[in-house]
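Student: If you want the building blocks of each chain, they are given just below.
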Amino acid sequence: MVDQVMTTPGTTGERVREYLASGKRFDDRELLEFRKIIIEKGISNKAEGAVRVKVGATEVLVGVKMDVGTPYPDSADKGNLTVTAELLPLSSPRFEAGPPKFPAIELGRVIDRYIRESKFIQMDKLCIKEGEKVWNVYIDIYSINDDGNLLDAAGIGAVAALKIAKMPTYDEEKGKVDSKHLTTKGLPLEKDMPVTLTIHKVGKNFLVDPTREEEDLCDSRVTFGIRDGSISSLQKGESSAIDFEVMKEVIDKAAKVAVELEKQIEKALK
Amino acid sequence: MTERRISIPGEIIAEGEDYLPGEWTEKREGKIYALKYGLIEESNKLIKIIPVSGTYSPRRGNVVIGKVENVTFNGWVIDIGAPDNAFLTVMEVPKYVNKDALEEVLDIGDMLVAKIWAINKRGIDLSLKAKGLGKIEEGLIFEINPNKVPRVIGKEGSMINLIKENTDCDITVGQNGRILIEGDSTEGELKAKKAILHIVEKSYVEGLTEEMENWFKSQGGLAPKRDVPKDLAEDEE
Amino acid sequence: MAKKSENFERIDGRKLDELRPIKAKVGVIPNADGSAMYQSGDTIAIAAVYGPKKMHPQHQQDPAKGVLRCSYNMMTFSVNDRIKPGTSRRSTEISKITEWALEPVLMLDKFPGQVIDIFIHIIQADAGTRCAGINAASMALAHAGVPMKNLVCSVSVGKLDKTLVVDLTKAEEDFEEGEGPTDIPISMTPDGKITHLQLDGKIGTEQMKEVLDLGKKAIEKIYEIQKKALKEAFN
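Chains as they are written, first to last, in the numbering used here: chain A, 824 to 1093; chain B, 154 to 390; chain C, 391 to 625.
For the record, the hints were derived by calculation from the structure and aren't laboratory data. Here a beta-carbon is modelled for each residue, glycine too, at the ideal position from N, C-alpha and C. All clues stand as given, with none of them false.
Chain A regions said to be covered by chain C (calculated; three or more residues, Cβ under 8 Å):
| hint | region |
| --- | --- |
| 1 | 860-869 |
| 2 | 887-896 |
| 3 | 901-914 |
| 4 | 956-965 |
| 5 | 968-974 |
Model the full assembly from the supplied sequences, consistent with the hints where possible.
Tutor: Set out below in structure tokens:
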């Protein structure tokens, strides 16, 4: 199929690599610097919590919805979490309409693992009646404009939406959930916020928060879910191998960036 | 600063029998209607609309920057950002081409500067037979809205020359909105790119030349020339 | 306008022919060829246009004229009871209706073998979503530089028991007294060419004509707002 969208040309790629080798990027950022993060709260008054996240020109919408259902047999006293992501054709000429393809599925699953493994949501507090009724938490992610790094933007959105979400009212007698009338109670969350960030490898250099032009050139990436100083989830993507010693460098860089990123996100949430 | 009037599709932009309908307008019962969103331009009762958006419309003689999509038995299919693909035959390449190894001259993914020498029902025909055309070996390539190309070039090339002088770069502006910048330093190339993006942003302003002269002054001097690292070639496994 | 029930009070206190507050903006999605956001009261729609461009797959190309492809969908969190991700029969139907509402102003014969894709998403829903979608799409098409004979404006006129009102909210759609609610979404060009019309409920023929008059008046106001949004993009 003809790719009608121009991916970053090889010649531009050479330039990007040269520049990176001297520690610089086209938009004057440092290699481990994120673009400006803007979080807009409450973008849908029908959601339990919904946010718009902009990282530079990349934009995602993330919403949290809840209802009551039955627990899984192996977690009879815990709530359920479902994370879905859609890479909307709206957001880029590269995305086609139709059922989710691998990048959307990967995004959903990486964010799912990130939230789940960080234990940010206190799932045992979402139990209404053990073995019978628990809260279902749905996190739905939509890309609105893709200028690179949708993954980290989605991660920021998921946490932000969870933080601002309020529980719906639940009539235990009738067994009815009323999302129209939310309580003032937030979701049961841990105090420390998890952070997801992806380190991208372009040639010999590592960077975070690539623009779409830079993302085309990355030959390998590692996504970290970090909370309270510990790594709770990790995923390496793309097909190039990373040297053993180099991976240790990557882990160090991730830890450093996580601290800065968390500050940036807290600031944006105010 | 005179402000150009903005046209909304379907709006009446002029009334009177002596007005003539130019590009993107239609005359009905003595009224000129706009058919596109853009800026209204009038000269000697001829009213036309200058588009500010919309995909590239290829014209004969246009110099464009394209990307090789496919190699066939007698030429290459080139994507030039137009709804139709363009074709470059072996005959229109001014050097020897081994008919059994076309990809040695141009392979899939290669970028080139070409000229449109014919447009017909079959498609768009390209040629490399002129000065300044050919495969792009290195440089910075990026895309802008093709409707802004005239502003970037300026009257008789005045704007593009201003950029070239202030950045020490060679710049090829494709009519299809793709631009190639080649300079001696990456800083110079980036400055040229930023200058062009600034022009695109401020394209509605009158006195853009003066605006750009001031912009360059505020950007400071040029960077030292490039020192290509020797190990760049052995980058990958 | 409504001869009966002049004392009819709307839940949000609006006059019978009063539109909800409208916000409109173009250029909200940088990657798209054209884009717009249209908000009417609590209903928010965004639209993006990609094209005209070559149609793929090739067998769907029409050698005589361009193809318009619309896709309308609601986000899961746009309503109180979460909508499952993916398309539904309703969204498929509204996608088609949106195509029909917009095609008459497009000159598709200028783009043989090509396609114009329009994507509409509802971020927050409080009735009138298909109308908000059509309004956003119309602005996005103009913003994209697609040649058009005119803009298209859309509004839903309603009948609550016997009273005609303009721009229904969800609460009004759920009206239960008397003859109940009748919902009539209308799309037309500012010069009165109707491109889309639907009705659910019950109405007499004379009142239906009044509906068209009310619709046209409302649409004139919407047109001014769409124009303003397009002109503001130059600031």
